[in-house]
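Q: Residue numbers (my numbering), protein chains in the order written: chain A, -2 to 112; chain B, 573 to 686.
I should point out that these hints are in silico values taken from the structure, not numbers from a laboratory. Quick caveat, the model's predicted, so the values are computed rather than measured. C-beta atoms are modelled at their ideal positions from N, C-alpha and C, and glycine is treated no differently. Wrong hints could be hidden among the right ones.
Here are the simulated DSSO-like cross-link-like pairs (lysine-lysine), alpha carbons at most 30 Å apart as the crow flies [said to hold, decoys possible]:
(1) B:Lys614 / A:Lys6
(2) B:Lys614 / B:Lys577
(3) B:Lys577 / B:Lys629
(4) B:Lys629 / B:Lys587
(5) B:Lys614 / A:Lys11
(6) B:Lys630 / B:Lys643
To list a few chain A residues with every Cβ distance to chain B over 10 Å, as calculated [claimed, not checked]:
(7) Arg65
(8) Gln82
(9) Ser99
(10) Leu101
(11) Thr110
Cβ-to-Cβ under 7 Å is the rule here; a few derived chain A residues that face chain B [what the hints assert, rightly or not]:
(12) Pro36
(13) Leu40
(14) Pro58
(15) Tyr61
(16) Phe87
(17) Gly104
(18) Asn105
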Amino acid sequence: NAGVTQTPKFQVLKTGQSMTLQCAQDMNHEYMSWYRQDPGMGLRLIHYSVGAGITDQGEVPNGYNVSRSTTEDFPLRLLSAAPSQTSVYFCASSRPNRGDNSPLHFGNGTRLTVT
Amino acid sequence: QQQVKQSPQSLIVQKGGISIINCAYENTAFDYFPWYQQFPGKGPALLIAIRPDVSEKKEGRFTISFNKSAKQFSLHIMDSQPGDSATYFCAASPASGGSYIPTFGRGTSLIVHP
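With the rest of the complex left out, here is chain A:
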């Protein structure tokens, strides 16, 4: 059981380049989300999805796109990378409204540097 798998682990981009951060989960979770983690700022929600074909914006969506064509996959696209997008990105999934089984399961992150 792999849980939540994120690729790549590290990435360096030049300003203006685009790329896709991959996220896959094998737990049949309906809810998936992307966070960025910056020092002193905690975990900030970028985009989330409550099921295949449904996505919505979180707290800091600008500069990022998502799609959810399958239950398992939730890729995050950076359209035109900027230095302000240098961060550690985490994907998370859960089965909401399941009582105590509602915690998020996180991947191990992608560390992105934009120069």
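Got chain A; can you put chain B on it based on the hints?
A: Just chain B now, kept in the frame of chain A:
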């Protein structure tokens, strides 16, 4: 606005001591309060969680205390060990009603000296 306020931002304790991290929330619709533990280079992982129908939940050396009237909850780590050194996040979310997106505190970096 910051709906879940976490303090302190950093905490240093000696081995065997008690670590205490506090969180306060504003939204009375929150009714699920998990704590996550994050080691360097890893994603956060659920440590312990509580619902407001109880005032305390204990799992080993980790205890959540919950004060519904004050809208505060805290994590106590008894007999703190160097292996507990990590970043801890509190969170809050409604467990029902369709909006289950958690709101996170900004995290506490805990260092336990041997």
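Q: Run the distance test for Lys577 (chain B) versus Lys629 (chain B): straight-line Cα separation, threshold 30 Å.
A: Status holds; Cα separation ~21 Å.
Q: Decide if the proposed pair is consistent with the structure: Lys629 (chain B) and Lys587 (chain B), CA atoms, cutoff 30 Å inclusive.
A: 23 Å, holds
Q: With d taken as the least Cβ-Cβ distance between Leu101 (chain A) and chain B, does d exceed 10 Å?
A: Incorrect as stated: the minimum Cβ-Cβ distance to chain B is 7 Å, not above 10 Å.
Q: Could you check if Gly104 (chain A) really has its C-beta closer than 7 Å to a C-beta on chain B?
A: 5 Å, holds
Q: Taking the least C-beta to C-beta distance, is Tyr61 (chain A) closer than 7 Å to chain B?
A: Hint violated; Tyr61 (chain A) Cβ to chain B Cβ min 16 Å, cut 7 Å.
Q: Can the restraint linking Lys614 (chain B) and Lys577 (chain B) be considered satisfied, given a maximum Cα separation of 30 Å?
A: 23 Å, holds
Q: Quick check for students: does the CB of Thr110 (chain A) sit more than 10 Å from each CB in chain B?
A: With a cut-off of 10 Å, Thr110 (chain A) remains clear of chain B, as the shortest Cβ separation is near 15 Å.
Q: Measuring from the C-beta of Pro58 (chain A) to each C-beta in chain B, is the shortest one below 7 Å?
A: At 13 Å from the nearest chain B Cβ, Pro58 (chain A) fails the 7 Å test, so the hint is violated.
Q: Could you check that no beta carbon of chain B comes within 10 Å of the beta carbon of Gln82 (chain A)?
A: Holds, because the least Cβ-Cβ distance between Gln82 (chain A) and chain B comes to about 19 Å, which exceeds 10 Å.
Q: Are Lys614 (chain B) and Lys11 (chain A) close enough, with their CA atoms no more than 30 Å apart?
A: 25 Å, holds
Q: Given Pro36 (chain A) as an interface hint, is its Cβ closer than 7 Å to any Cβ of chain B?
A: 9 Å, violated
Q: Is Arg65 (chain A) truly not at the interface, in the sense that its beta carbon sits beyond 10 Å from all beta carbons of chain B?
A: 15 Å, holds
Hint check: violations occur at hints 9, 10, 12, 14, 15; the rest are consistent with the structure.
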